[in-house]
Structures are given as C-alpha cells and as structure tokens.
Amino acid sequence: MKGTRNLTLLIVLGLVLILGVWGCSGYNGVVKQDENVKNTWANVQSTYQRRADLIPNLVNTVKGEADFEQKTLIQTIEARYKNLNSVKIDPANLTTENIAKFQQAQGELSSALSRLMVVVENYPNLKTNEGFRNLQAQLEGTENRINVARNDFNGAVNTYNTKVRSFPMNLLAGMFGFKVKEGFKAEEGADKAPEVKF
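If you read the sequence shown in the working numbering, its first letter stands for residue 1, the second for the next number, and so on.
Worth double-checking, as some hints may not be accurate.
To be verified - Capping the alpha-carbon separation at 20 Å, the derived lysine-lysine pairs in PhoX-like fashion look like this:
#1 LYS179 with LYS38
#2 LYS32 with LYS101
#3 LYS185 with LYS2
#4 LYS185 with LYS38
#5 LYS38 with LYS163
#6 LYS38 with LYS101
#7 LYS32 with LYS185
#8 LYS163 with LYS179
These are calculated hints, taken from the structure and not from any lab test.
Kindly generate the complete structure, drawing on both the sequences and the hints.
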C-alpha cells in the first residue's frame, strides 16, 4: 500500500516536472521568437532611417541646379520630415493599424522621391553630377535593403505567429500575453502588372 502511494506520488511529481520543463521551454521559445520580431523590426526602421538620412544630401545637391522646380524639392523635404516625426511604432504593438500608418508614411516619402527623380530627368547637368549619381546609387541600394528588411521582418512575424497560434503553445502564449503580430502586406493593386503604353 505504501509502495503504491509512493509510486503514485513519483508519477505525479514526474508529470509536474515534465509539464514545468515543457512550459519553461515553450515560454523561452516564444520569447526568442518575439525578440527576433523586435530585432527585425529595428532593422526595418534602421533601413528606412538610412533612406531618410540620404534625402538632405540629395536635396542639397539638386538645389545647386538654379532653375530646379522648387515645388518638388519642398514636397520631398516635407515628406521626409513628416515621415521622421509622425510614425514611431513600438515593436510590442505591431497592429494592423500601426503597420498601415507606417506604410502610408513611407509610401508618401517614396512617392516624393519618385517625383523628384522624374523631374531630375529634365536637368542633364544634374544627371552628370558625380555627387548626385552617387546619392542616387545609394538610394537605389537602400530601396533594395528596405525590401530585404521587410521580407526578413515578415518571415520573423510568420515564425512567431505560427508558434503563438499552434496548439498547445497557444495556451501558454495566451497565459503570458503573447499576441499575434502583424507584418507588411502588399499594397492594394500590387498583384496586377502595371499597364505600359507607348
């Protein structure tokens, strides 16, 4: 009788120990994925910041062209400052709304830069300026880095969300307040090829 009670106690303690180890391991795994999402988000922000930091140099180089369209320059400068001052997102609060606000601000800056580059085509002296060409190449490289950083971020969010939503980890994640995070989504109409007419 006493041996049966000891055996039952050992089995119960063993199960509690196994559940405890599983819980700790699962919690640490979710924390690791959460930190990875935060890190990749910081990389996204850093890459966008690099682009924003290049704009003043680009604008100053373009200003050297005396008859350059001031309206386009002003729009680019305004978009940069709006971009820098309006949208800062805490990686713990990556909601659909916050990601949409961030994407909108970045889209406005991208649009202003695109307009600037189109207008530059009318200024052959500027296109031959070595400083301008260097800045243009840096911007192109930064745009590629932005795409890579966004893809890495979406991958980290996907891995995290899969872990947080999978059974039985979803029970543990819910107990500790780990919520599904939002990644970048393609802009509306991005699935259709642009129509080019000559």
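Hint-by-hint comparison with the structure:
About 13 Å separates the Cα atoms of LYS179 and LYS38, which keeps this hinted pair within 20 Å; it holds. At most 20 Å may separate the alpha-carbon atoms for a hinted pair to count; LYS32 and LYS101 exceed this at roughly 27 Å. Restraint check for LYS185 and LYS2: the C-alpha separation of about 63 Å exceeds 20 Å, so the hint is violated. At most 20 Å may separate the alpha-carbon atoms for a hinted pair to count; LYS185 and LYS38 meet this at roughly 18 Å.
With a C-alpha separation of about 16 Å, the suggested pair LYS38 and LYS163 falls inside the 20 Å cut-off, and the hint holds. Between LYS38 and LYS101 the alpha-carbon distance is near 18 Å, which keeps this suggested pair within the 20 Å criterion. Taken as a hint, the LYS32 and LYS185 pair is broken in the structure, with Cα atoms around 24 Å apart against an allowance of 20 Å. Between LYS163 and LYS179 the CA atoms are separated by roughly 11 Å; this keeps the pair inside 20 Å, and the hint holds.
In the structure shown, a violation is registered for the earlier hints numbered 2, 3 and 7, in ascending order.
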